[in-house]
Structure formats: C-alpha cells, structure tokens
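Q: Using the sequences provided together with the hints, build the complete structure.
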Amino acid sequence: MKRFIVLIGLVMAMGMLVTACQPKGPETIKIGLNAELTGGVPVVGASCKNGAELAVEEVNNAGGLEVGGKKYKIELLIEDNEDKAESAAAAAQKLNAAGVLLMIGPNASRNAIPAAEVAEANKMPMISPWSTNPKTTIDAATGQPKKYVMRACFIDDFQGVVAAKFAINELGAKKPAVLYDVASEYNKGIAEIFKRTMEENGIPVVAFETYTTGDKDFSAQLTKIIQAGADVLFLPNYYTEVPLQVQQAHKLGFKGVIFGSDSWGAAELIDLCGAACEGYFFTTHYATDIATPKAQAFIKAYEAKYGKTPDDVAALTYDAFGLAFQAIQAAGKIDREAVNQALHNISRYEGVTGVMQFKGTGDPIKSAVVLQIKGGKFVYYTTAQP
Amino acid sequence: MQTLIQQVLNALQLGSVYALIALGYTMVYGIIRLINFAHGDIFMVSTYVAFFIGTALMSHALRLPGIVAFGLTMAAAMMVTALLAVLIERFAYKPLRQAPRVSAVITALGVGLFLENFTLATIGPDPRFLPRFFSVQTFTVGGVAFSNIQIIIIAVSAAVMLLLDTIVRRTMVGMAMRAVSWDKSTAPLMGVPVDSIISITFAIGASIAAVGGTLFGMVYTVDPYMGIRIGWWAFISAVVGGIGNIRGAMVGGYILGFVEIFTPVILPASTYRDFVAFSMLLLLLIFRPYGILGRPVAQKV
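Protein sequences appear in the order of chains A and B.
Per my numbering, residue 68 is the first one in the first sequence, and the count goes up by one each step.
Per my numbering, residue 25 is the first one in the second sequence, and the count goes up by one each step.
Source of the hints: derived by calculation from the structure; they are not laboratory data.
Any given hint could be a false lead.
Claimed, not checked - Partial selection, computed: residues in chain B whose CB lies under 7 Å from chain A:
hint, residue
1, Gln30
2, Gln31
3, Leu38
4, Ala145
5, Asp150
6, Thr164
7, Gly166
8, Ala169
9, Pro217
10, Tyr244
11, Ile285
12, Val289
13, Thr295
Since the structure is predicted, the reported quantities are computational estimates derived from the model, not experimental observations.
All residues carry an ideal CB built from backbone N, CA and C; glycine is no exception.
A: Below, the structure is given as structure tokens:
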C-alpha cells in the first residue's frame, strides 16, 4: 500500500514537472516544403530544396524571425512529392497534419494543382514558386480565385503570349509547330495558349502534336511536324525530355529554330543536350546576367553554399519564402488565418526574380525574360513586359 | 510515301528494342512458365551498367576507338546483367519453384520494385545519356532521313536475334532448353541438367536485354523508371507473338513498334497508343490466346 502511494505521488510529481515545462506558445515556426525530389524532374526538386534551405538558414542565422516582439526560429519540414499528382496531395496532407504554418510548393503544375485543392480545403496557406498553370490558384468549382493559394511566378496565359509574340517578331515564324506532353497540365496549358495567340495573329499552327509523360521516342510526331513544313518548333516541355526531342528532330532532318518555356531553365538541359540546343531560346522568370543588387546578393550566397548558379526554381523558391516571412511579420502572430490575410495584403514585393505586383488574387504581375543558349550558358536576350 | 518509309524506319528502330526485351519474357515463360515481371527492370539495370562502363571506357585517358568501346561496353553489360539475372533466379525464384504460380509472379513484381528503388536510392533520379560511341551522321536519301545509329540498332538487333534462333534450334544447349520447356519432369530422366539449363535461359534472356539496353541508351535517356513502360510493351509483344515462342516474340516486338509509331500517324493523338496496344492484347487473348505464332497447348489433368 505504501509503495502504491509512493508510486501515485511520483506520477503526480512527474505530471507537474511536465506541465511546468510546457511552453506558452510554439518556439519555432514550422514551414512545409512540398518538392519534386524524385520522379520526372529531380533537378527542380533539388533547386527548390536548396533555395528553401538558403532562405531559412539566412533567417535563422540572424537569430530568427521577429513576430510580435519575440524571435522564432524557422523549422523546415521537407516532403518529397515524387512528381506525382497523388503524392503531391498526400504530401500536402502530411504537412497539414504536422501543423505547418504554411506550405511552399509544389513546383510543377501537375503537382501544384492537386496540392492546392488540399491546401484550400484545410485552410493552409500555400505558395507555389514555379507553377505557372492558371488552374493552380483558381477554384475549379466556382471559377473564383482560391483563398489560400498564391504563387511567385507569372502565369501561362502571359508566358504563352510572350512565346508566340517572340516567335512572330523575332523568329519570323510563318509555319509554327508544337510538340507537347498532353498528360501534364503545364505543357498542355501553355501549348494551347500559344496556339490561340498564333491564330489570333493570323498564323495557323501547322502541326500540334502530343505525347505522354515518360515517353522517350518522338520520331512519329516529329516526322509529321517536318512533313508539315514547320519552320519553328515550340517545345513547352520539361528539361528531361527536351534534349531527346531536339536530338531526334535533328536526326530526322529538322532545320528550323526550336524554342521553349521556363521548364527549360535547368543547367541539366545543357548537360543532356550538349551542342544540339545551341542558339535556341526559351522564356523564363529571370536572368542572372541582368540581376538587381538584391538578386546579386542572392546569387553570391547561393554560389557560396552550393557551388553553382541558382536556376529559376531556386530563385522563385527563395522569393516564395521572402513573401512568407514578410507576411508572417506583418501578421504579428503565428496563425494561419492572420498570415493568409497578410499575404493577400501584400501589393508589391521586390524579389530576386523582379518586382511582383498583386492585385487581389494569388497571381503576381511580373515581367518575363527570353534567354538564349550560347556557348553552354543561358544568356539574356530580351525582356517582355506584361 | 517518303513519310511512310520514314515512319517504317522509326518503327523498326523501336520494334527492335521491344523484340529484344520480349525475348527474355518469352524464354523464361517457355522454360518455367513464369512471367518474369522484373525483366523490364533488368533491362533498366543493364542500361545503367552500359552507362557506367561506357563512360569509363570513353574517358579521355583511354583513347579507345568508338567501335571498340561500344563492343566492350555491350559485352560487359551482357555479362553483368546475365549474372544479375542468374542471382535473381537462384535467390528469388528457385525456392518458389514448387509453390503456386501466383506466388512466383508476385515475387517477380517485388524484384522489379526492388531494382527500381535500389537504383533510385543509389544512383539517383536524374536521366542520363550514354557517351557517344559514334558521332551521329544523318543521311537523307530521297527525302527519307536516317542516322548511322538507327542502322546500327536495327542491324545489331537483327544479328542477335538470328544468333539466338540458331542457338535454340541448332545447338545442344538449345535442344536441352527445348526439352525442359517441353516436359520438365521427363527431361532430367534423359540426363538434362534442369537447374543449369534454367540458369542458362535466364542468363541468355538477360544478356539479350542488355544488348537492347546498350542500343536503347545510345538514342534515349536512362532513368530508374524506364523499365516499367518498356517492360509492359515488351510483355505485350511476347503475348502477341505467342508467349513461349521465340520467333513469336520477335514478330510481336516489331508489331508493337509499328503500333507505337503508327497510332499517332493514323489516329489524332499519341494518347491512343496504350489504348490500341492493350485492346490488341485483349482481343488476342479472347480469340487467339496462344498468340500469332504459338500453338494451343492441351492442359494435362
């Protein structure tokens, strides 16, 4: 009996100890990262992770983020979405269950769209660094902007128009052709907008060919494109597939100019493509050779930490975190609703990828640049204003 | 007309690879009635082996001529892959030889998943190209463009298939393989070492996949998941040709190559490709389940 009382006493004492140690509020701010670490576009995931870790490290090294007079360290929770729609949604669920304040990512639109549904349903703020498909921030049921989803990049409506105008004005395209992945939201969206813009300008697309994610042989479609007499070829596809498409087009005798979209902007494109992509163009978010002082500081820090030049995904992820940090500070408390409100109150943000302006929706208005592949490097060619 | 010939060339290139992989499915099925679903991933591993050996051989220090490096790479890939297949057979399939057939099929799927994820974990997900053994030369004859690589793929595949056909039909090993395939319980009574013949079959099937892998890697990228889709298509090739029948697998491979290329030519989008291929498989299973060149087998009760 005596032993029993001692035991109860001990349990109670321990209970008190635990209560005494319980903090008044969270000591850290948890931010989730939903990235394509494996799967079809691993470099995108790696760049996103690098950009995120750099942004978080800078804040933590400065002592943390000051919110409501108290400094909080940032804790980064990283989930791999395997570049699959269903895994992206599952990763978003997992981050939500882990109690993150907000989620950054996914990047590819085919993953960002399903993840955005989860974020919206759970009232978890989400910022996609690189998803350019309009559907990411639009509620499919109502056609209204989603309340909890934002992005750090321009949308495909703009990019598709920029690509089409570039083809008409700079390349003098008369018979454009498109080859795109019909199973991927990003590729499909931008290809359709390109086609529409071309037709509005009185230039019909002579071949509008499709393939499915993961294909490696495009000879049938490319043969049709060449047969149609195309003079320029638009490939709004990911960097892993573009080299195969370019090489196969050359082997089949295509002589025209090939150009693409921001999904080309990974250094691996040049590794895989070799000299075959020399002289070709793509539209993207920023150019390292015309960087602002803020961007230069970022590029320098990134190069020091990872030993390579940041690509657009890394820069946009860094900007997404910048937006998030500013909103958390403006909110003044660690609360999803308050942070979401603060995010939507931001009307102008100067990031490393340029100035973003928000007009009440989650889509920023910002300029695009056209880069050319020259001597194994991405070189600035021109800027397109919105 | 030019376009048609061009597309036929494209189809022959792709069909050659499918045929080479389909042979592995069909040989293993022929000898132990197992659908080796890991075969597509064995093909993937062979391409990685070719990638690493090819990269080492083509490094500037060695200065090997392209043709020598190509031959050595292919031979090494064949040997390593054959060894891998024999090991898989010994440790994963042999203990299950008396088990229900579905257990072995599930094990095969598991081995495939293991190979995919092991490659993903150790090598990483980035796609890669094999080094250039030959500089690409494109010829245009009468409006039809073809490259030296395309000719090499079609010719080497044809040569390997001819060689295999000769081995199976004209040598003692081939005769033993046919004997085991015909009747596994009587063959040992005639002095055929069944276990060794099964190992040899796995080794030959895998080395042919490695030939396909090396050729494939010269024109397409290598990644850990590449074996899945190609494996499925090769499996359909084997079934279409008549699974268990070696000449059938070759015919089936070329048929599937034509399906893949001509679907986007005839139908409006490439998306119908899998639909056409699997519909063909379904129709065949309903009306001619033993395939084009296979013969109906009476079930022994």
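Q: Hint validation: proline 217 of chain B versus chain A, beta carbon distance must be below 7 Å. Holds or violated?
A: violated (40 Å)
Q: Does glycine 166 of chain B meet its interface restraint, that is, does its C-beta lie within less than 7 Å of any C-beta in chain A?
A: At about 12 Å, which exceeds the 7 Å cut-off, the nearest Cβ of chain A leaves the hint on glycine 166 of chain B violated.
Q: Let me know if the C-beta of aspartate 150 of chain B comes in closer than 7 Å to any C-beta of chain A, holds or violated.
A: holds (5 Å)
Q: Does the closest beta carbon of chain A sit nearer than 7 Å to the beta carbon of alanine 145 of chain B?
A: Given a least distance of 9 Å, the restraint on alanine 145 of chain B is violated.
Q: Going by Cβ atoms only, is valine 289 of chain B closer than 7 Å to chain A?
A: holds (6 Å)
Q: Holds or violated: is there a CB of chain A closer than 7 Å to the CB of isoleucine 285 of chain B?
A: holds (4 Å)
Q: Report holds or violated for the interface hint on threonine 164 of chain B, using the least CB-CB distance to chain A and a cut-off of 7 Å.
A: With a minimum Cβ separation of about 6 Å from chain A (threshold 7 Å), the hint on threonine 164 of chain B holds.
Q: Does the closest beta carbon of chain A sit nearer than 7 Å to the beta carbon of alanine 169 of chain B?
A: Check passed: Cβ of alanine 169 of chain B comes within 4 Å of chain A, closer than 7 Å.
Q: Double-check glutamine 31 of chain B for me: the hint is only fine if its C-beta lies closer than 7 Å to a C-beta in chain A.
A: holds (6 Å)
Q: Is the shortest C-beta separation between threonine 295 of chain B and chain A less than 7 Å?
A: Hint on threonine 295 of chain B: holds, closest Cβ of chain A at ~6 Å, below 7 Å.
Q: Go through the hint on tyrosine 244 of chain B and say holds or violated, using the shortest Cβ distance to chain A against 7 Å.
A: holds (4 Å)
Q: If you take the shortest Cβ to Cβ gap from glutamine 30 of chain B to chain A, is it below 7 Å?
A: For glutamine 30 of chain B, the interface hint holds, since the closest Cβ of chain A sits about 5 Å away, which is under 7 Å.
Hints 4, 7, 9, counting from the list given before, are not met by this structure.
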